[in-house]
Amino acid sequence: MKTVNVSLVGVGGQGIILTADMLAKAAALAGYEVKKSEIHGMSQRGGSVTSQVRFGDRVSSPIIQEGRSDILVAFDRLEAVRTAHELAPDGKAVVANVDLVPVTVSSGLQPAVEDLDGRLKAALPNALVVDAMTIAREQVGNERTMNMVLAGALAKLLPLPKECWTEAMHQLLAGRKAKLIPANEKAFELGHASV
Amino acid sequence: MNEETKKPHKVFLSGNEAIAHGAAQAGCRVASAYPGTPSTEILENIAKFKDTINCEWAVNEKVAMETAIGASIGGARSLCAMKHVGLNVAMDPLMTFCYVGATGGFVFVSADDPGMHSSQNEQDNRNLAKFARIPILEPSDSQEAYDMTQAAFEISEKFRVPVMIRMTTRTSHSSSLVDLGDFKPAVRDLIPYVKDIKRTIPVPAFAKGQRLAAQERTETMRAAGEASALNRVEKGDSRLGFVTSAVAYQYVKEIFPEFSILKLGWTNPLPRKLVEDFAKGVERLVVVEELDPFLEDQIKAMGIQVVGHETELNMLELNADRLQNLRHELLGDVPAVTPAKPDATLPTRPPTLCAGCGHRSVFYVLHKLGAIVNGDIGCYTLGAFAPLNAMDSTICMGASINVSAGMKKAGVKGRICSVLGDSTFFHSGLTGALSAYYNGTPVTTVVLDNRITAMTGQQDNPGTGRTLTGDPAPVTEIGEVAKAMGYRRVTTVSADDMQELEKTLAEAMDSGEPALVIAHAPCRIAAKLTKEGLCEVDASVCKACGACFRLGCPAMTRGAEIRKGAYQMKIDPTLCSGCKQCRQVCKFGAIKKVR
Ligand SMILES: Cc1ncc(C[n+]2csc(CCOP(=O)(O)OP(=O)(O)O)c2C)c(N)n1
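Chains as they are written, first to last, in my numbering: chain A, 1 to 195; chain B, 1001 to 1595.
These are computed hints drawn from the structure, not numbers from a lab. Cβ coordinates follow ideal geometry from the N, Cα and C atoms, glycine included.
In silico DSSO-like links for lysine-lysine, alpha-carbon gap of 27 Å or less:
hint	chain 1	residue 1	chain 2	residue 2
1	A	LYS179	B	LYS1048
2	B	LYS1368	B	LYS1543
3	B	LYS1050	A	LYS177
4	B	LYS1010	A	LYS162
5	B	LYS1528	B	LYS1570
Only some residues are given here: those of chain B computed to face chain A with a beta carbon under 10 Å:
hint	residue
6	SER1142
7	ARG1170
8	SER1176
9	TYR1251
10	GLU1254
11	ALA1320
12	ASP1321
13	LEU1323
14	VAL1337
15	ALA1340
16	THR1345
17	GLY1552
Chain A on its own, in the form it takes in the complex:
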């Protein structure tokens, strides 16, 4: 199989790393070779974050070449526009309908993007926009499961058996976090059904 490249972008604190871990585990459980990289330093809250996962029969480089991502999962619309060039011409984008205002804008140091709707349409005309935050808040009852809504949507686009995703989630939320599994599973299912 040709290597599949997935870029996950957003803002520190949105659960991007966990989503990338889950994808990587699911791909490994499905029997593929997998590599995962954190592209930007993670520790700072509120900074742009990119995590990349590559899987296939043989994966060499741990990072994706520019413009070669098969799937771009954006947890924020501004970050989607910022990283749109990473998507391959025939790639697919999943974009959360979320706008986290950068501190540089809220404090008036930099102007906000004018017409983000238009910029997003121009940059990623075929993006699947998922109302991930609304689903997480209103249907799951926990905003923090927004990442799992996106994971569910992503799962729909990838050739990985659903059991692998479920197993990956259970492994990642083992132990103290196990009580979070039902909400996360619900969010995943709703995301899966949303695309």
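Got chain A; can you put chain B with the ligand on it based on the hints?
Below, chain B with the ligand alone, put in the same frame as chain A:
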């Protein structure tokens, strides 16, 4: 220990986790490190094997290395880890321990940061290992990090030599599948200690012999490297032959998969014969490595022709795109890649001090006092940027105090002070503080005491009361340390009390004597205080004077524009931590604490 490590199947590990597993598997008994990106997780993961590895946070890299040296001389396998600049701090012990030599296997990890993702400089530490005449192993992924860590201990014991594993941000922080084999961390017996001062005390009479021995050892190791499975040829189309190491190998596989490769895992001493033979079997030899032309220069010095190229590969982080450009240049069968320029019309998300961070108030006050501020390395380096604009220099950890001393001695007029964090003070501020006191240099040192090593992700240090393994530890009070040195002017203030802070700092800087001010405020992330309270702005009182915006708190957003260009401040309740700094800055009493 995590569930998976018990089962002998493939597990998904970062390079740093793989090193920790490799050390545990090799029977490493002692491990010590000072945190530093991208190396920090090595010791954090070794701590999971605390049953077999006696591990700790050292106060700096020299201490970490010397502790591991002691363990090695005592017959134990030992490891220390550091970021690239950490090795600068540990060079002194290394440059002599390489004469003394290891008894128990001694391995240190240097995690370099090509492209400076989170560092103040870029350095290729292979040069330093070559300088010390010691072996270098360069893993290209997590499996190799696991395997080579074990191999490193073997090599170290066999040749009685310290061994460097060179990681990079990419190999440390990328994850891939690792076959752990029969993973059984176990305590390894000590090699019995035998006193041997001819070896362990390199006075000139002994050191001369050791200098010669180090030279001979290089040749024996080179011969071993020639035959080692860590270096291998992957035969392919011989029109091009690549000599490569570390993660660069993965990029070569990605972009030049059909060609012959000499994959070097053990790069120092360079296996010359292997290179020579490989070169003979290919039409054109290309060397691809990350950062300095370390292999390339040595290969050229052997008189072997290496393909020169226009592509500037020997700095910043390597990647497949840059190799595609090399392929475009050498073969012309792929298009060149022009990296997309960041879209300057999009607002950025730069790192900022967290809402409620106690560092912020100190910089606000120092700026107000018009001081020259010599800074140091930590979260607080962010105090240099707008709107705080309160730092004049940052050189390396611990430099702040001495740079101020130098300025004072040079006769620079005005208020001068040094600012450093608690972890940095313990790391290398102590010596500067003592030197300034001893020489009577009237330096004011401000320790931003947030009781954690925050920048690298909240590690414990001598001020936190906990060890690496989470066990209780005694607490060292920096004020008491300064008093014991003899400092008469030692003041502790809460960083949350800006009036007191201003008074104390002004007095200290104007006192004409060495002074130490501890600005205390726990790191809100480490102390879990991020949502301790909440403040609100009364829009009927706020005059939009803009004073609070000069704090640059991420919880402050622009409210209504009440005059042209003058915005009221509004507090984002999801970010506000209730620290009250903005309340103290507001002259009109418009900001109230509501919770
Ligand atoms: C020689 C060296 N070792 C390690 C580092 C990595 N490093 C950068 S900042 C920092 C810790 C800073 O902690 P502290 O002084 O307590 O300041 P804080 O980040 O908590 O404000 C470390 C370990 C470095 N830059 N240089």
